[in-house]
Amino acid sequence: MLGVAELEQLPVSQARAGDAGAWDALFRRFQLPLYVYVFELVRDEQTSLDIVQETFINAARHIHSLRSDRKFGSWLFGIAHQKCIQRWREQARRTGVPPVSDLDEIADSENVPAPTENAPDELLIRQEEEAEFMNLLNQLPLPQRSVLLLYFMEDFSIEEIAGITGVSVGTVKSRLHYAKKSLRKLVVDTQDPDRSPKHPKEI
Amino acid sequence: MKTPREILLERYRAAVPKLDAIRRNALAAQQPESASSPFSFRNFLWSIRWHLVGMSAVWFAIVLISLDSGQGSQMVATIPTARIPPPEVILASLRENHRQLSQMIDSPTTDADRQKNFTPKPHSERHTETHFA
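Sequences listed follow chains G and U, in order. Sequential numbering from 1 applies to the first sequence in our numbering. Sequential numbering from 1 applies to the second sequence in our numbering.
Careful, some of the hints might be misleading.
[Said to hold, decoys possible] Example chain G residues on the side facing chain U (calculated, C-beta under 10 Å, incomplete): (1) F27; (2) V52; (3) Q53; (4) W88; (5) R126; (6) M134; (7) L148; (8) I158.
Please keep in mind that the hints were generated in silico from the structure rather than gathered at the bench. Remember, predicted model here, so these are calculated numbers, not experimental data. Backbone N, C-alpha and C fix where the C-beta goes; we use that ideal spot for every residue, glycine too.
Input sequences plus hints: build the corresponding full structure.
Structural data, given as structure tokens:
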């Protein structure tokens, strides 16, 4: 399955050639999704803005290390993810308190069924339940939240999410499964007739 | 009904102006050094322009002075002593110059006028004059 960014014609090759306009277009395309992802992990506006800026600067400096132009999105999110982990570790060193939940260190059971194959845009949430959706999302453990955000925001594949977060494919499947299970009562699967919305407003 | 993506993006839409500023910063930071160097060098030159003008004027004056004194000393040094005429010749030449100057300064007088106005001086005075010359 192709991610959201992979379906678009992103000017990655022009950016590689040093085209400032291409970089502007790429940054413009990813700035908000990247900010949402980072903010949902670090929960601090200024830190999130700093991380987004550092991610952009790093991406421009190290574009030569990107192997496939089609993977630009997941590569960019991978940089941001690593920056978040760095911040947590720096914070832990300063305060002497270990990070509440390090994304890399939480072990998940891999003996879980594979997540259902719905695309995120096939999962709809009722307007009156948006606040509850955000509430539930915030209550999810950090590793599950991270995986779910990557899935929702850019429709990254399991393999891409594994690459971004630096964990195994099995771990990503597990995290996604439990995260979706937590949200199941809100998320309406439009592909499943049994779970289709009952309220007229939802149609 | 909205997708989770739409809900999340909408929730953080207010951050877009700040993100725009960050994007511009990141773009400015990634300008290649080759492009930014001449600009900063030009700025540097511009900031010290008055110092440069002052220093240039000083150097110009020094060069002029050294050229001038160099030429003078060179002229003195290059005149061969063998070509310096004897004092009698110099005196004769000076006398001739003096005569020509007098001719030019005084009212134009011809030789005929000079003969007409000529009143011979006493012999004793003529002798003294010759002696002084």
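Evaluation of the provided hints:
A cut of 10 Å between beta carbons decides the hint on G/F27: the least distance to chain U is about 4 Å, and the hint holds. For G/V52, the interface hint holds, the least distance from its beta-carbon to any beta-carbon of chain U being 6 Å, beneath 10 Å. Given hint, G/Q53 at the interface with chain U, holds; its Cβ is 5 Å from that chain's nearest Cβ, closer than 10 Å. Interface hint at G/W88: violated, since its Cβ lies 21 Å from the closest Cβ of chain U, which is beyond the 10 Å cut-off.
Hint status for G/R126 relative to chain U: holds, with the closest Cβ pair at about 6 Å, below 10 Å. Among the interface hints, the one on G/M134 holds; its C-beta lies about 7 Å from the nearest C-beta in chain U, closer than the 10 Å criterion. Satisfaction of the interface hint for G/L148 is found here, the shortest Cβ-Cβ separation to chain U being roughly 8 Å, below the 10 Å cut-off. Nearest Cβ of chain U to the Cβ of G/I158: about 17 Å, over the 10 Å cut. The hint is violated.
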